[in-house]
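Undergrad: Sequence:
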Amino acid sequence: MDDSAKPKRKRSTANRTGCAVEATISVIGGLWKPVILFHLLDGKLRFNAICRLTPAATPRMITLQLRELEADGVINRIIYPEIPPKVEYELTELGKSLEPVLVSMCNWGTRLQELSGLPIDTGSCRSTLRQQELIDGLTAFSIGGDVN
Numbered sequence: 017m018d019d020s021a022k023p024k025r026k027r028s029t030a031n032r033t034g035c036a037v038e039a040t041i042s043v044i045g046g047l048w049k050p051v052i053l054f055h056l057l058d059g060k061l062r063f064n065a066i067c068r069l070t071p072a073a074t075p076r077m078i079t080l081q082l083r084e085l086e087a088d089g090v091i092n093r094i095i096y097p098e099i100p101p102k103v104e105y106e107l108t109e110l111g112k113s114l115e116p117v118l119v120s121m122c123n124w125g126t127r128l129q130e131l132s133g134l135p136i137d138t139g140s141c142r143s144t145l146r147q148q149e150l151i152d153g154l155t156a157f158s159i160g161g162d163v164n
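For our numbering, count along the sequence shown from 1 and bump the result up by 16.
Calculated pairs, BS3-like style, for lysine-lysine (alpha carbon to alpha carbon, straight line, at most 30 Å):
| hint | residue 1 | residue 2 |
| --- | --- | --- |
| 1 | Lys102 | Lys60 |
| 2 | Lys112 | Lys102 |
| 3 | Lys112 | Lys60 |
By construction, these hints were calculated from the structure, which means they are not laboratory data.
Kindly generate the complete structure, drawing on both the sequences and the hints.
TA: Written out as C-alpha cells, the structure is:
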C-alpha cells in the first residue's frame, strides 16, 4: 500500500481486538458511511450532491462522516482554487477496494427488502445493478455458459 492510501490518523476505536471485521467496521461503520461510499463508486461528488443522495441525513452528520472517511484514508477531499470554492470527494484506492463489500451489502439489503415485503428503490442501487450484470456476465463466460 502506498502512502496516499494509508489513513491520515489512527483512530482510537480501530482494531482493539485484532479482529479483521472490527477493523473494517471501525472504518465503514456508521449510519451514513456505507451509503456515502456506495454513491462515490460512481465517481467524484460535491457535498450538496451527497446531501441530495442521502436526504435523511443532516448536513452536519454527512460532514462528520466525510471527515472520518477522509481521516481513515478511504476518500480524498479535493479543493479547487476558485471563487466560490469548489470541493469534491472521491474514493482513494483503499476506498475503491471496498466496492465488492458495498455491492454485497446492497445485494443483501435488496434480498432483505424482498423477504420483508419492503419497497425497493432500484435507483439507489444503480451502480450495483450495473456491477452485478458485469459479474454475472463474467461468471457465465468463465464457466463456459452463454454470455447473452
